[in-house]
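A.B. asks: Spelled out from the first residue to the last, the chains are:
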Amino acid sequence: MAVKFDIQNLNAWFGSKHVLKNINMKIEENAVTAIIGPSGCGKTTFIRCLNRMHEITPGSRVSGKVIFNGVNIYDNGVDPVMVRRKIGMVFQKPNPFPMMSVYDNVAIGLKLNGVRDKKTLDAAVRRSLELANLWDEVKDDLKKSGASLSGGQQQRLCIARALAVEPEVLLMDEPCSALDPIATAKIEALIRELAKNYTIVIVTHNMQQAARVSDYTAFLYLGELIEYGATKQIFENPKHELTEKYLTGKFG
Amino acid sequence: MDHHKFRVIKDRLIQFLVYLALFSALIPLFSILYEVGARGFSTINIEFFIKPTPTVGESGGGVANAIQGTLITIGLASLIGVPIGLMSGIFLSEYGESKLSVAIRFLHDVLNGVPSIVIGVFAYALITRSIGFSVTAAAFALAVIMIPIVTRTTEEALKLVPMSVREAAIALGIPRWKTTIIVVLSSAKKAIVTGILLSIARIAGESAPVLVSMGFWRWWFAGLNRPVANLALNVFIFATSPFENWVALAWGSALILILLVLGISIAARVLIKGRY
Chain Z
324 MAVKFDIQNL NAWFGSKHVL KNINMKIEEN AVTAIIGPSG CGKTTFIRCL NRMHEITPGS
384 RVSGKVIFNG VNIYDNGVDP VMVRRKIGMV FQKPNPFPMM SVYDNVAIGL KLNGVRDKKT
444 LDAAVRRSLE LANLWDEVKD DLKKSGASLS GGQQQRLCIA RALAVEPEVL LMDEPCSALD
504 PIATAKIEAL IRELAKNYTI VIVTHNMQQA ARVSDYTAFL YLGELIEYGA TKQIFENPKH
564 ELTEKYLTGK FG
Chain L
3 MDHHKFRVIK DRLIQFLVYL ALFSALIPLF SILYEVGARG FSTINIEFFI KPTPTVGESG
63 GGVANAIQGT LITIGLASLI GVPIGLMSGI FLSEYGESKL SVAIRFLHDV LNGVPSIVIG
123 VFAYALITRS IGFSVTAAAF ALAVIMIPIV TRTTEEALKL VPMSVREAAI ALGIPRWKTT
183 IIVVLSSAKK AIVTGILLSI ARIAGESAPV LVSMGFWRWW FAGLNRPVAN LALNVFIFAT
243 SPFENWVALA WGSALILILL VLGISIAARV LIKGRY
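Top to bottom, those sequences are chains Z and L. To get my numbering, take the position in the first sequence, counting from 1, and add 323. To get my numbering, take the position in the second sequence, counting from 1, and add 2.
Since the hints were made in silico from the structure, they are not lab data. A few of these clues could be false.
Pulled a few chain Z residues facing chain L out of the computed Cβ check, cut under 10 angstroms [stated by the list, open to error]: (1) M376; (2) N436; (3) K519.
Some chain Z residues near chain L, calculated using beta-carbon distances under 8 angstroms [what the hints assert, rightly or not]: (4) M405; (5) R407; (6) K416; (7) W458; (8) R535.
Restraint ranges, calculated between C-beta atoms of paired labels, are given here [claimed, not checked]: (9) K161(L) to N332(Z): 56 to 64 angstroms; (10) G437(Z) to M89(L): 22 to 30 angstroms; (11) N395(Z) to L102(L): 54 to 62 angstroms; (12) K442(Z) to S267(L): 17 to 25 angstroms; (13) R449(Z) to N227(L): 55 to 63 angstroms; (14) S100(L) to S500(Z): 31 to 39 angstroms; (15) I183(L) to D445(Z): 37 to 45 angstroms; (16) G437(Z) to K161(L): 25 to 33 angstroms; (17) I52(L) to K441(Z): 44 to 52 angstroms.
Quick caveat: nothing in here was measured; it's all calculated off a predicted structure. Think of the CB as a built atom: it goes at the ideal place given N, C-alpha and C, for glycine as much as any other residue.
The task is simple: from the sequences and hints, build the whole structure.
C.D. replies: Here it is as structure tokens:
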């Protein structure tokens with residue numbers, strides 16, 4: 324398999340709290356990897372370590388390596404801004420920029436990275452919104468405020484916004500937890516489609532969702548990686564007792 | 003006595019006291035508005051807006067030079083005070099908690115509490131003594147009064163922008179400074195503009211620091227190293243003068259000043275209402 328991320332001895336702290344303990348795993352390219360585990364196990368911290376978002380929280384610290392395309396993103400000469408441009412992120416709650424139109428929400432990443440040409444921007448906005456399956460719903464309202472869309476549309480707008488800067492990876496932090504079942508189904512279908520061309524890492528509370536959308540599943544518990552493998556194997560034949568207990572609802 | 007009745011009476015009594023307090027607080031406000039409105043309005047005519055201060059004994063005349071001077075002074079003060087206040091506010095909100103930011107916040111609170119006359123004397127010592135009584139000195143004094151107001155309102159406005167908005171921008175690979183200037187400031191711009199407008203309303207009526215650093219002036223704008231006329235000082239000087247038409251102009255100036263401040267405050271309220 325083509326490895327997109329090779330994570331070696333990853334540790335993370337908030338102040339003196341040790342939230343991730345010695346994580347070692349490889350994440351495959353153009354596949355969906357789900358991170359599951361009970362609340363507070365470090366799922367969100369884990370994916371925030373993959374695009375150096377963890378370090379923007381005051382008092383946080385990381386050690387270990389995250390090798391992405393052959394380069395450790397925590398190496399000294401690596402610019403976190405460039406890392407984040409390659410590794411996009413979608414958050415738990417839809418967070419479109421409140422004062423911007425739908426168009427600007429998608430175009431802003433490119434605009435602030437120096438793209439001025441109107442045609443290029445128009446094309447990128449359309450392509451991103453189409454990729455996010457939102458184009459047909461908003462094509463006549465591109466000037467409307469991004470905040471005026473429904474929750475599910477806002478989340479797809481955020482996906483389009485992340486896609487517009489042409490990342491290779493999309494990190495998704497419980498992208499459906501604030502959405503109703505219909506909006507959730509749309510996002511899940513979108514994730515499967517995007518996985519053809521993007522590497523996707525998704526954190527989810529919802530085990531059925533992990534089973535539906537992911538190719539690989541990692542189970543985290545108290546900051547440790549307990550089990551990691553093909554989703555089918557994890558769900559049908561977990562090797563570790565903790566994984567089985569979590570999946571069968573004995574705790575969590 | 004029936005317990006319920008007792009509570010009803012207590013409730014009525016407290017309600018009565020609250021309304022009484024409210025009305026006694028409103029009496030001075032409305033009597034000022036009424037008096038200034040009634041007396042000021044009768045002096046206002048076209049001449050009032052296009053003619054400068056009359057010389058002693060001359061009839062008629064207006065406050066055109068004072069309107070011009072007040073606008074120039076406020077404009078200059080904003081030119082100095084708004085950028086500094088804006089940037090300190092951004093620093094306090096966006097660049098984390100450090101000993102420096104705690105100290106800056108404390109100093110702004112102190113500055114906010116300094117009597118304006120003291121700030122006037124400060125401007126006098128620093129600027130008036132070197133370049134003379136001038137609009138520059140007055141604008142400097144007013145800028146010092148503006149800075150803590152703009153700083154604190156900017157800081158509060160930026161803190162209301164959800165962290166998720168900053169994170170969304172940073173996760174797009176937008177550098178931190180661009181995130182702050184374009185994404186965060188644009189999300190808070192209405193609240194920030196409101197704060198700036200309120201600080202302008204506050205300095206528009208200041209008289210003590212203006213008197214100390216610039217003094218009274220009866221003519222038009224004559225350069226940055228010279229004084230300009232000022233509405234608040236018009237009220238002070240004209241009202242206490244023995245000339246009837248100057249006293250009338252004082253009422254007119256007071257009315258214009260109140261309307262100016264009221265106008266700015268209303269603009270600020272309208273902006274607040276439109277906030278997301």
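A.B. asks: Compare the structure with each hint and give your call.
C.D. replies: Hint-by-hint comparison with the structure:
1. M376: holds, 6 angstroms
2. N436: holds, 7 angstroms
3. K519: violated, 23 angstroms
4. M405: Nearest chain L Cβ about 7 angstroms off; hint holds.
5. R407: Because about 4 angstroms separates R407(Z) from the closest Cβ in chain L, which is inside the 8 angstroms limit, the hint holds.
6. K416: holds, 6 angstroms
7. W458: Check failed: Cβ of W458(Z) comes no nearer than 20 angstroms to chain L, outside 8 angstroms.
8. R535: violated, 25 angstroms
9. K161(L) to N332(Z): 56 to 64 angstroms: violated, 37 angstroms
10. G437(Z) to M89(L): 22 to 30 angstroms: Holds, since G437(Z) and M89(L) (Cβ atoms, about 25 angstroms apart) stay within the stated range.
11. N395(Z) to L102(L): 54 to 62 angstroms: violated, 33 angstroms
12. K442(Z) to S267(L): 17 to 25 angstroms: For K442(Z) and S267(L) the Cβ distance comes to about 46 angstroms; the hint is violated.
13. R449(Z) to N227(L): 55 to 63 angstroms: holds, 58 angstroms
14. S100(L) to S500(Z): 31 to 39 angstroms: Given a distance of about 34 angstroms, which is inside 31 to 39 angstroms, the answer is holds.
15. I183(L) to D445(Z): 37 to 45 angstroms: With a Cβ separation near 25 angstroms, I183(L) and D445(Z) fall outside 37 to 45 angstroms, so the hint is violated.
16. G437(Z) to K161(L): 25 to 33 angstroms: Once the Cβ atoms are compared, 30 angstroms apart, the range 25 to 33 angstroms for K161(L) and G437(Z) holds.
17. I52(L) to K441(Z): 44 to 52 angstroms: Holds - the Cβ-Cβ distance for I52(L) and K441(Z), about 48 angstroms, lies within 44 to 52 angstroms.
The earlier numbered hints that this structure contradicts are 3, 7, 8, 9, 11, 12, 15.
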